[in-house]
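Starting from two chains that each stand alone, build the complex the way the hints lay out.
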Amino acid sequence: MLFLLITWQALAVYLDSSTFPMPVLVAKVFWQACVTGQLPYHLGMTLLRLIVSFSIAMLFGCAMGIALGRNRKLDAFFDNWLVIFLNVPALVTIILCYVWFGLVESAAILAVVVNKLPNVIVTIREGTRALDQDLMDMARCYRLSKRKILLEIIWPQLHPFVMGATRSGLALIWKIILVVELLGRSNGMGYQLHLFFQMFDVASILAYTLAFVGVIQLIELLILKPLDQHALRWRR
Amino acid sequence: MSAIKIDILNKRFPGVGEATGHLVIENLNLTINPQEFVCLVGPSGCGKTTLLNIIAGLDTDFTGEISVGQVTKKSKIGVVFQNPRLLAWRTVRQNIELVQERFQNAELIDELLDVMQLTAFQNVYPERLSLGMSRRVALIRAFAVNPDLLLMDEPFVSLDAPTARQVRDLLLLLWKKRPHTVLFVTHDLREAIALADRLVFLSAAPMRFVSEIVVPIPRIERNNEQAIEEFRQQLMNEYPAIKQLI
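Protein chains in written order, with the numbering used here: chain A, 1 to 236; chain B, 237 to 482.
Next comes chain B alone, as it looks inside the complex (with noise of 0.2 Å):
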C-alpha cells in the first residue's frame, strides 16, 4: 500500500440555526508512510476524532483532498474507537466474524485471541467483560480484518496504568508481526513515545500541524520508562510550544 496524503483546507462543523459554525480543521497537510507508526498527539477536543473520521470515509464533508493510495473500496481498514463499539447480543468471537465478511480467517482469529489472551473468552457475551478486555476484542476486530490501515482514536483511554501498558506492548507484538500504517491519536504524549516512529503535534481547534518529531528511541528500549521520560523531558525542552498541547 502507498503513503497516505491528508491535505484538508478547511474542515467545518454546520452552526444550527443562526450560528455560523465552527471551523475544526484548517490546512492540515500531512504524509503517512507505508508501514509507518505515527502518533497524533494533541489536546482533547481538537479534533482528532473528526480527522480519523474523514480519513476513515465517514466524513465527506469538508474541503480538500484524502488520498489513501490505492486502497479504495478493496482497502482493508480496522478501526480501534474510544470505546470498543461491540455488539452486545453477540459473542466475543461473532464480534470478531463479523467483519470478516468477505475473508474468513479462522486461524487468524484464534492465533489473535490467543495472544491477546482472551481464548478462554470467546463464547462470552460483551457485558460480562471489563473494559480492558472489550478493548482487547476491539483491537482483535481491528487486526482480525489484515489491515493495510490501522485507525485508532485514543483506543486505551480510561484503562488502569498497568492494564493499559499491557494492551500496548501486545498492540506493538501484533503490528511487528504484520507490519501496516497506524494512526494513532492520543493526548497521552507518554503514550505516544512509547508506541510512535513519528509523533505529529496538532493543535487546539481549529486544528493545525504544529510540528512533528521523530522518536530517536530504538523499538527493543521503548518499554523502558526511563528512557521515555527522558525524551519526554527534552521535547519539553526543546519545544516549548508543545507544553502547552498537553
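The following block holds chain A by itself, in its conformation from the complex (with noise of 0.2 Å):
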C-alpha cells in the first residue's frame, strides 16, 4: 500500500501533468466531495441501485437456477435463450431498456437485471446439477416435507454456488451500472465520472474510484466474509 503510494507520488511529480495528479490533490478532492456531501450521494444512489438489481437478480435467477437443473425439460427449452442472453453486449440491452421503456429509473434497473441474470441462472444450476443424489434419496425415505429439502439439503450444498454468483455478479453489476447511469440518469457514479470527463478533471475521477474500491471492500469485509464464516463453520 505504501509502496503504492510513493510508486504514485514519484510519477506524478515526474510527468507533472494536470491528467496525473499527486495522491495530496486526489485526497484533498475526496475530502472536499465528501463534505459538500456530493459523493456521498451519487455513491449512495448508485449503491441503491445496486442493492436493488442485485436482489432482483439473485432472487429471481436462484429461483429459476434451481428450477432448469432440476428439470431437464425446462432446461432444454430455456437452454438457448439462455446463451443468447448471456452473449448480447450490456451496451445493446441497456440501449433498448432506454429506447423502449425511456430514461426513468425502471428501465435502468430492468437493463443491470437481464444483464445479470443469465450468470445466476447459469451459476447456480450447474450447483443444482451436482447436488448430492444420496442426500436427496435419504429425504424422500424420511418423507421430509418440501421446504425442509429445500432449506436443510439443497441450499446448503448450493452455498459455495450462491456466493460465487454473489461475487461476480457484483463486480459485473458495478460494471455495467456505471454504463446505465452514464447513458440515461442524471446521477449515480457513472454520471459523475461522465462529467469529470469531459472537464478532463482526473483528481475527481481517482478521488471516485477511491470510494468505489474502499465500499466493495467493505462489502467483502463486512457481508460475504462473515456470511461465508457462517455457512461454512462445519469444515475442519
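There may be inaccurate statements among the hints.
Below 16 Å or equal to it, Euclidean Cα-Cα: the simulated EDC-like pairs (lysine to aspartate or glutamate) are [as the list claims (entries may be wrong)]:
#1 A:K148 to B:E337
#2 A:K146 to B:E337
#3 A:K148 to B:E333
Derived from the structure by calculation, the hints contain no laboratory data.
No experiment lies behind these values; they were computed from the predicted model shown.
See below:
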C-alpha cells in the first residue's frame, strides 16, 4: 500500500501533468467531495440501484437456476435463450431498455437485471446439477417436507455456488451500472464520472474510484466474509 | 402394522442408447411378518439395494406389487444406507432432529444417544466423527422416527470387526426395546445369523428367491460365536446352493 503511494507520488512529480495528479491532491478532492455531500449522494444512488437490481437478479436467478437444474425439459427449452442472453453485449440491452421504456429508473434497473440474471441462472443450475442424490434419497425415505428439503438439503449444498454468483455478480453489476447511469440517469457514479471526463478532471475521477474501492472492500469484509464463515463453520 | 408383501414380476434398468438394459429382479415373492427381523443374503451386486429402494418407495419403475400393509404415507420408515448419509452442515443432533419433522421427541433422541454412547458428541459436526460413529448416528436417526419398518442396507460394511459387533449388539438392544419389522441386507452370513429371525437367500443378478431358513438359535445365544459358526457350517452342508451365493 505504502509502496503504491510512493510510486504514485514519484510518477506524478516526474510527469508533472494535470492528467496525473499527486495523491495529496486526490485526497483533497476526495475530502471536499465528501464534505459537500456530492460524493455520498452519488455513491448512495449507485448503491441503491445496485442493491435493488442485485436482489432482483439473485432472487429470480436462484429460483430459475434450481428449476432448470432439476427439470431436464425446462432446461432444454431455455438453454438456447440462456446462451443468447449471456452473450448479448451489455450496451445493447441498456440502449434497448432506454429506447423501449424511456429514460426512467425502472428501465435502468431492468437493464442491469437482464445483464446479470443469465449469469446467476447458469451458476445455480450447475450447482443444482451437482446436488448429492444420496442425500435426496435419504430425504425422500424419511418423507421430509419440500420446505425442509430446500432449506436443509439443497440450499447448504448450493451455498458455494450462490457465493460465487454473488461475487462475480457484484463485479459485473458495478461495471454495468455505471454505463447505465452514464447513458440515461442524471445522478450516480456513472453520471459523475462522465461529467469529470468531459472536464478532464482526473483528480475527481480518481477520488471517486477510491470511494468505490473502499465500498467494495467493506462489502466483502462486513457482509460476504462473515456469511462464508457462518455457512462453512462445519468445515474442519 | 400388517405384513409386507413383495411381489415383483420384473425390474429392469433401462439400457443406454441401443443397449436393451438388464434384468435386475425377476419373480420375487416375499412376505415379511410384522415385527420380524429378516436378513436378505445374496452376493454383491445382486440387486438387494434396488429391492430396498423399491420397498422404500424411491423406485416405482417396476412391474409387480408391493404392499406395505396399511401404512402408506403416514407410515414411519427408518432407513440405514450403506454410507451414513449425514448432512455435513448439521450437527449430530440436528441431523437426527431433521427426520422428526412431524413429531418432535427430544427424550427419544436423548435416550438413543445415550444407548449409542454419543451423548458427548451430539453437538459435533459429522466430519469429526469416525466411520463407526457416523454409522451409529445413522442408526439413531433411523430409530428416532420410531419406525414401523426399518430398512437396512449393509449398514455395517467396512467397519472393523469389534466395532461392527458393538454396533450390531446395540441394534439388537434397540430392536428388543421397540420391536418392529426389520429388513436387513447383507452378504455376510455370520452377521445375518447373529441378527435374523429368518434368512432369505437371493441369487446373483437377475435376483431370484433361492431359499429361506429360520434361524433356530435362541436370541440369548446370538453373541456366542461358536454357535453361529456351527450353524453356518450346517447350512453350508445342507444347502450347497448357498455356498455359491456368499
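May I ask which of the numbered hints given earlier this structure violates, with the numbers listed in increasing order? When the structure is compared with the hints, none of them turns out to be violated.
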